[in-house]
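**Student:** Each chain, letter by letter, is given below.
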Amino acid sequence: MSAPPYAGELGLQLCHTCDKVCLLDTHECPRCWSVLHPRKPNSLVRTWALLIGALILYLPANLLPVMYTDMLGNGSESTILSGVIEFWRGGSWDIAVLIFIASVVVPCIKFFVLGLLLVTVQRRSRWAMPERSRLYRFIEIIGYWSMLDVLVVALVAALVQFRALSTIEPRLGILFFGLVVVLTMMAAMSFDPRLIWDAEKNDVR
Amino acid sequence: MSDNPYDPASTRTGEPDIRQRRVRISLVWLVPIVAALVGLSMVVQNWLSAGPQITVSFLTAEGLEANKTQVKYKNVVIGRVTGITLSEDRTRVIANIELDQGSEAFTREDAQFWVVRPRIGASGVSGVDTLLSGSFIGADPGDAQGTQREFIGLEEPPPVTFGVEGKRFTLRTSDLGSLGVGSPIYYRRIPVGQVVSYALSDDGKGVVVQIFVNAPYDDFVTSDTRFWNASGVDVSLAADGFKVNTQSLSAILAGGIAFRAPNYSPDPEPAAEGRAFQLFNDMSQAMAPDDGPARFVQMRFDQTLRGLNVDAPVEFLGVPIGHVVAVDLDYDEQSKSFPVVVGALIYPNRLGGAQDKLLAQIDGDGEERNAQLMQVFVERGLRAQARTGNLLTGQLYISLDFDRRAPAVVFDAHARPLMIPTIPGSFDKLQEQLQAVVDKLSKLPIDSLANNLDGSLNELRKTMEQVNGSVLPQLQSTLERSEQTLQNANRAMADGSPQRQQLTDTLEEMQRAVRSVRVLSDYLGRHPESLIRGRGNDAAPPSFKGGATSRELNTELQ
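As you go down the protein sequences, you meet chains A and B in turn. So that you can map any letter, position 30 of the first sequence is 30 in this note's numbering, and since no number is skipped, the others follow by simple counting. So that you can map any letter, position 157 of the second sequence is 157 in this note's numbering, and since no number is skipped, the others follow by simple counting.
Since the hints were derived computationally from the structure, they do not count as laboratory data. Incorrect hints may appear among the rest.
[Claimed, not checked] Residues on chain A that point at chain B, a partial pick, calculated with CB under 8 Å:
id : residue
1  : Lys40
2  : Asn42
3  : Leu44
4  : Leu50
5  : Leu57
6  : Pro60
7  : Ser76
8  : Leu183
9  : Met185
The C-beta atom is built at its ideal place from N, Cα and C for all residues, glycine as well.
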């Protein structure tokens, strides 16, 4: 096999903070004094834990109302999905699609992809390793777009305060939703994509 | 082991002490555990705070929306509609309502639910705020012991809400008039309550109206309080003028009930809750003393009774003592005529003191005594007569009066109903008299009169023709001649005509002659001797000097 050698085979490791290549037997980065690890420590467990936490919080985030709209004394609370349905019925299908993608599709894709990565890594699968690696980078990039919902609610609640005419207030669901986004982002961060490739070698880790 | 702890041999750098964590579970697992705990606590809290679930059925779901419509009591949200379904027979809609925790009072059997919508009625406008905010379900708790989960919603808001102090009463009336649920109750024109509900009585022959009188005023409803219908305008034309009597504008529009105890009521005590009263048509009826039992009498008239309506008054010597209840046509086989049988209700108690005194003279009881009294009256000449009460409309009323010239009739005091004998009405008399006049007129020899008149007129025409033919032309020539004469006279009298000149001269001559005579007489007065001696030369009168005129003479004389 003419594959390039692994850093561990050459007795090297990468500093997580400043990306300096250090010797494997040093414990501190000689440049930035941060602790050195060959791989992110406890990566799989942390990712699992954060992912499960996010999954649990995703339930109240969708079931609880995220926004309270009071138009001329006619108050109503809306969850994420009911908001999407309302926009769709109201004819603004573009906004409905946008919110649906940002608050339902993206988190679900993240749960699915992260779970897939974790399972395949634990099973030391060698299936589609470059694609999985690309998938991980994709997850990292789209992660924060889910905050769109939180931002919309925060912005609208701050702007629409006309007393009796109309008032919009955030509700508890948006807090859970924000936590879901943060936890999935943290889960993605704590996942070490190099583990995907470790399946090629039996003795690494 | 060495005693010296700083022994160089023992200070070598040994293997680092690697401590293994006894529990190999990462702290990061706290995140999902906390998340699960939070979720679980919310589920538990949700479960704990969930109130009772009830269903309320309405006729229509107008204004109701699932998950949106709220249930309010005193404008406090106590629950919300979670779903709307049709009933199995599809006649009603069923709103599933999730009440908040602590609203168990609203599941009691007599709790009430209704939809608050904007309503505009004669008695006012309500629910305006729901125009903007949308309808909501109003709730009213009950105080019954039992609870239930299925309610039947009211279509109208209940006029009396829970906890309002006051009393309910029942009114009986023959028809509802313009009353409705919510119609106000007035006491001395102050609104003190309202109509709560109404229903037909069980036999369908009347209306039972439930009213509610609010707390401080309910004590004024006493055991002999009279209620009357205060709807509409009461216009009366009496001897003292024209009167319009109303309660309030809203009572005119929406109807209303007023009540009051008669002034003469002896020590009144507040009526008990739920007591039934009679609802009178107007105040004068309500405040009138009790009429006592009514007696049914019949009268048989042999003439047309056009203008006699049911409810027309029956008067006894001008006092209204009853009213007509039936006007029926009858057929008399003997005379082959159609008499009219009038039935009337008479209230003997309306005779007041007269009744008591009269009845005291007669033995017997109740109806028997009245019949005997009537017999006495009929023997004295009491007759019924249909009289014209209103000349414009021709309305008739029945008058009971004593007519001493009335022919005697047989009166059966034991017949039921009593049959009061009648005499023809005043209007009929007038008609008879008119008939007599017409008869006399028809007896006149109008034909011969007309013939004579015609002959006379012919004579007159001939005379006139004569006058036209001969007299008039002669008259015309006479006139022409007289006109000529007048013209001649005129000409003779005109200025510068010789006749006039002669006349003037003649007159002047005459004037002079007269003057001469006067001068002569003056002269003779002064010189009487001249008659004998003649006139002396020196004594000539100055006026005979030359140039003297009559005018100068005049000035001299004056």
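**Student:** Each hint needs a verdict: does it hold in this structure or not?
**Tutor:** Against the structure, the hints come out as follows:
1. Lys40: Result: violated, 12 Å to nearest chain B Cβ.
2. Asn42: Holds. Min distance 5 Å.
3. Leu44: Nearest chain B Cβ about 10 Å off; hint violated.
4. Leu50: 6 Å, holds
5. Leu57: 5 Å, holds
6. Pro60: Holds: closest Cβ of chain B sits about 6 Å from A/Pro60, inside 8 Å.
7. Ser76: 5 Å, holds
8. Leu183: Status holds, d = 7 Å.
9. Met185: Not OK, violated: A/Met185 not within 8 Å of chain B, min 13 Å.
Taken one by one, the earlier hints fail for this structure at numbers 1, 3, 9, listed in ascending order.
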